[in-house]
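> Chain by chain, the residues run as shown.
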Amino acid sequence: MTDLLDRPPGGLPYPGGDGDDLELMLMIRAFEYKLLDLFAAGMLNGTTHTCLGQEHVPVALSPLMDPRDHVFSNHRGHGHYLARYRDPHGLLAEIMGREGAVCGGVGGSQHIHRDRYMSTGVQGESLPVAAGVALHLSRAEPGAAAWAYIGDGTFGEGAVYEALNIAALWRLPVVVVVENNGIAQSTPTSAHLAGTIAGRAAAFGVPHLAIGSTDPAEIRDIVAGPLGHVRAGRGPLVLEFRTHRLGPHSKGDDTRDEQALREARAGDWYHRYAAADPAGLARVESEQRAYVAAVADEVAARPPSTGRAACG
Amino acid sequence: MRVADNLNAALHDLLDRDPRAYLLGEDITDQYGGAFKISRGLSERFPGRVLSTPISEGALTGMAAGLALAGDTAIAEIMFGDFVTLAFDQLVNFAAKSVTMYGKRLPLRMVVRCPSGGGRGYGPTHSQSPQKHLLGVPGLAIYEVSPFHDNHAVFGAMLDRGEPCVLFEDKVLYTRPMYPAAEPFRLTPPETPDGFARVALPGGDPDCVIIATGGTAHKALAAMRALLLEDEITAALLVPSRLYPFDFPAAIGAANTVFVVEESTAGGTWGAEVAHVLHGRMWDRLARPVQLVHSADSIIPTAAHLEERVLVSESSIHRAIRKALRG
Ligand SMILES: Cc1ncc(C[n+]2csc(CCOP(=O)(O)OP(=O)(O)O)c2C)c(N)n1
Ligand SMILES: [Mg+2]
Numbered sequence: 001m002t003d004l005l006d007r008p009p010g011g012l013p014y015p016g017g018d019g020d021d022l023e024l025m026l027m028i029r030a031f032e033y034k035l036l037d038l039f040a041a042g043m044l045n046g047t048t049h050t051c052l053g054q055e056h057v058p059v060a061l062s063p064l065m066d067p068r069d070h071v072f073s074n075h076r077g078h079g080h081y082l083a084r085y086r087d088p089h090g091l092l093a094e095i096m097g098r099e100g101a102v103c104g105g106v107g108g109s110q111h112i113h114r115d116r117y118m119s120t121g122v123q124g125e126s127l128p129v130a131a132g133v134a135l136h137l138s139r140a141e142p143g144a145a146a147w148a149y150i151g152d153g154t155f156g157e158g159a160v161y162e163a164l165n166i167a168a169l170w171r172l173p174v175v176v177v178v179e180n181n182g183i184a185q186s187t188p189t190s191a192h193l194a195g196t197i198a199g200r201a202a203a204f205g206v207p208h209l210a211i212g213s214t215d216p217a218e219i220r221d222i223v224a225g226p227l228g229h230v231r232a233g234r235g236p237l238v239l240e241f242r243t244h245r246l247g248p249h250s251k252g253d254d255t256r257d258e259q260a261l262r263e264a265r266a267g268d269w270y271h272r273y274a275a276a277d278p279a280g281l282a283r284v285e286s287e288q289r290a291y292v293a294a295v296a297d298e299v300a301a302r303p304p305s306t307g308r309a310a311c312g
Numbered sequence: 001m002r003v004a005d006n007l008n009a010a011l012h013d014l015l016d017r018d019p020r021a022y023l024l025g026e027d028i029t030d031q032y033g034g035a036f037k038i039s040r041g042l043s044e045r046f047p048g049r050v051l052s053t054p055i056s057e058g059a060l061t062g063m064a065a066g067l068a069l070a071g072d073t074a075i076a077e078i079m080f081g082d083f084v085t086l087a088f089d090q091l092v093n094f095a096a097k098s099v100t101m102y103g104k105r106l107p108l109r110m111v112v113r114c115p116s117g118g119g120r121g122y123g124p125t126h127s128q129s130p131q132k133h134l135l136g137v138p139g140l141a142i143y144e145v146s147p148f149h150d151n152h153a154v155f156g157a158m159l160d161r162g163e164p165c166v167l168f169e170d171k172v173l174y175t176r177p178m179y180p181a182a183e184p185f186r187l188t189p190p191e192t193p194d195g196f197a198r199v200a201l202p203g204g205d206p207d208c209v210i211i212a213t214g215g216t217a218h219k220a221l222a223a224m225r226a227l228l229l230e231d232e233i234t235a236a237l238l239v240p241s242r243l244y245p246f247d248f249p250a251a252i253g254a255a256n257t258v259f260v261v262e263e264s265t266a267g268g269t270w271g272a273e274v275a276h277v278l279h280g281r282m283w284d285r286l287a288r289p290v291q292l293v294h295s296a297d298s299i300i301p302t303a304a305h306l307e308e309r310v311l312v313s314e315s316s317i318h319r320a321i322r323k324a325l326r327g
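Going line by line, the protein sequences match chains A and B. Quick note: the first sequence uses UniProt numbering, first residue 1, plus one each step. Quick note: the second sequence uses UniProt numbering, first residue 1, plus one each step.
Treat the hints with caution; some may be incorrect.
Unchecked claim - Covered, in the sense of this in silico footprint (three residues per stretch, anywhere, with C-beta under 8 Å from a C-beta of chain A), are these stretches of chain B:
no., segment
1, 55-63
2, 88-95
3, 99-108
Claimed, not checked - For each label pair, taking beta carbons as the anchor points, the in silico distance ranges come out as:
no., chain 1, residue 1, chain 2, residue 2, range
4, B, Glu191, A, Gly195, 55 to 61 Å
5, B, Ile55, A, Gly195, 19 to 25 Å
6, A, Arg68, B, Ala254, 23 to 29 Å
7, B, Phe88, A, Gly195, 41 to 47 Å
8, A, Arg68, B, Ala304, 55 to 61 Å
9, A, His271, B, Tyr32, 58 to 64 Å
Claimed, not checked - Straight-line distance between alpha carbons at most 35 Å, and here's what the computed DSBU-like set of lysine-lysine pairs gives:
no., chain 1, residue 1, chain 2, residue 2
10, A, Lys251, B, Lys104
11, A, Lys251, A, Lys34
12, A, Lys34, B, Lys37
Hints are computed from structural coordinates only; laboratory data are not their basis. The C-beta atom is built at its ideal place from N, Cα and C for all residues, glycine as well.
From just these sequences and the hints, can you work out the full model?
Structure follows, in structure tokens:
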């Protein structure tokens, strides 16, 4: 954690209350919009994948995660990280290559490691690793679990099946969180997935929950019971969230037609809050936008990260 | 003691001394004890830490990496080294990368064992020496079992690196003795567990130096005897334990003629990497470029007479050296 210790003072503390899901969802959303702005302004290097439309998934799940749990994230992982650590400074510094970067600017958007959180940009690769970590946990820290976030498209990878098979066989505490947003880069699920994800889980005898709710409290109610079984040593669990990708795959590469985009927008969790309390939503949203804007200004002004890893 | 027994004893010792050590692989538990019996007796002695997996090289390698990530010591066995290709992503993109790509060093105690090599008639997909496919990956060290290196010490050296290591084990060595008699040559054991073993005539500078992998060392040694008796050519043999990163061998002395022997088939070989390192360090004093001796540019056939024509052998080493030095 050397780079974290080096973070210059003055990083604005995250203003949201610990238990406030909406604030956190809007902070993540503001963060992602800010990234797209920074890209458009030529201030970011490389690429990034925003989780716009999917913010509620990690916000719902993070409070269910024990500090001893390991979390494996993927290319679309900003929300996963922010929901666990509420650290937009470290993440943005990582993405911008500034001092205080979580991984010295070496890993970037897709490669983050902090304590028991790790993301990597190769689809499906983390599932066997999560199974290995779960094997360790089952012996050394019973009750703890390894979580792995994957997308629907990642079911094209053999590693997913090898890992599910062993995890089920050895009753390892693995929670596979599938963010099924109906698309993989440019390929709709109907063109990349024969059968269903539920059917795949069933083939391994692994419990599967299909979750359409975008309400974090409701999601936690649904997940708590089956999660208890995982922690009790009864084997893995697949949580399949029906979500919508609001933005492009990475930046400016959306090939979906107007109809598909309309459908995605219609599924946005945002509308539910807007209908319930438009004024309250607007207030929290503008607070979070202002907060993230200040974070971005502060981080952009920092010197470059040292990236002092053993990478030459 | 046979090399297989030394390896088996090293694994027993490792699991005994390190309560956090695991061994994962296909068919490795007793009574079977692994396709080559290297894990014999381990699962009975260490139940729960020696685990037979499904036929999933990618997953078992990834799980080993997961154990290492959680602070355990993980040894994985790929039944035939040829199948390490199925673990390539886990090794190259996950385990090796993780050591540095998160901006600070993340030590991983992890070894992937790969029985490799031909000479047993197993055919094109069960006889390869895939070392070369794993060279040059930052954070990944490549080792090869040798009859001159005690595997207890080699495992210690690999795990102490804190980065994933792949250990190639030439299948032909399993039944051969550790520390084979070297007469009329004399063995100088390696100074460090993964340093170079040296086999040479006592005193005087040899006509040439042969750097050979552990799996080909006995062939090189036999060729050295024939060169001495038939051609009056003296050679010194250097055998590394760690193939990559390759350290310049101080024991090369004043040599000006060097051969590198390995079983890999031609093209993009380990020897080419060694030659590159040596050329950079000793170009001025070399009488000729470092010469590579390896198997032919071919798949490895099954029938004994065909396989023999492809694989590097005592006679192909002998021929190459005699031709270079005597024309
Ligand atoms: C092994 C591998 N193949 C291809 C890619 C390139 N790639 C990055 S994201 C992506 C689509 C992933 O789709 P999905 O799993 O549905 O996740 P989503 O992007 O929808 O969140 C692809 C093909 C990759 N990163 N890794
Ligand atoms: Mg998708």
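> For each hint, tell me whether it holds in the structure or not.
Structure-based check of each hint:
1. 55-63: The restraint on the segment 55-63 of chain B holds, since 7 of its residues have a Cβ under 8 Å from chain A and three suffice.
2. 88-95: holds (count 4)
3. 99-108: Since 8 is at least three, the answer is holds.
4. B:Glu191 with A:Gly195: 55 to 61 Å: Taking Cβ atoms as reference, Glu191 (chain B) and Gly195 (chain A) lie about 59 Å apart, which means the hint holds.
5. B:Ile55 with A:Gly195: 19 to 25 Å: holds, 23 Å
6. A:Arg68 with B:Ala254: 23 to 29 Å: Once the Cβ atoms are compared, 59 Å apart, the range 23 to 29 Å for Ala254 (chain B) and Arg68 (chain A) is violated.
7. B:Phe88 with A:Gly195: 41 to 47 Å: Distance hint for Phe88 (chain B), Gly195 (chain A) is violated at roughly 28 Å.
8. A:Arg68 with B:Ala304: 55 to 61 Å: holds, 56 Å
9. A:His271 with B:Tyr32: 58 to 64 Å: holds, 60 Å
10. A:Lys251 with B:Lys104: Given pair Lys251 (chain A), Lys104 (chain B) holds - Cα atoms ~29 Å apart, limit 35 Å.
11. A:Lys251 with A:Lys34: Measuring from Cα to Cα gives roughly 12 Å; hence the hint holds.
12. A:Lys34 with B:Lys37: violated, 58 Å
Checked against the numbered hints above, the structure breaks hints 6, 7, 12 and satisfies the rest.
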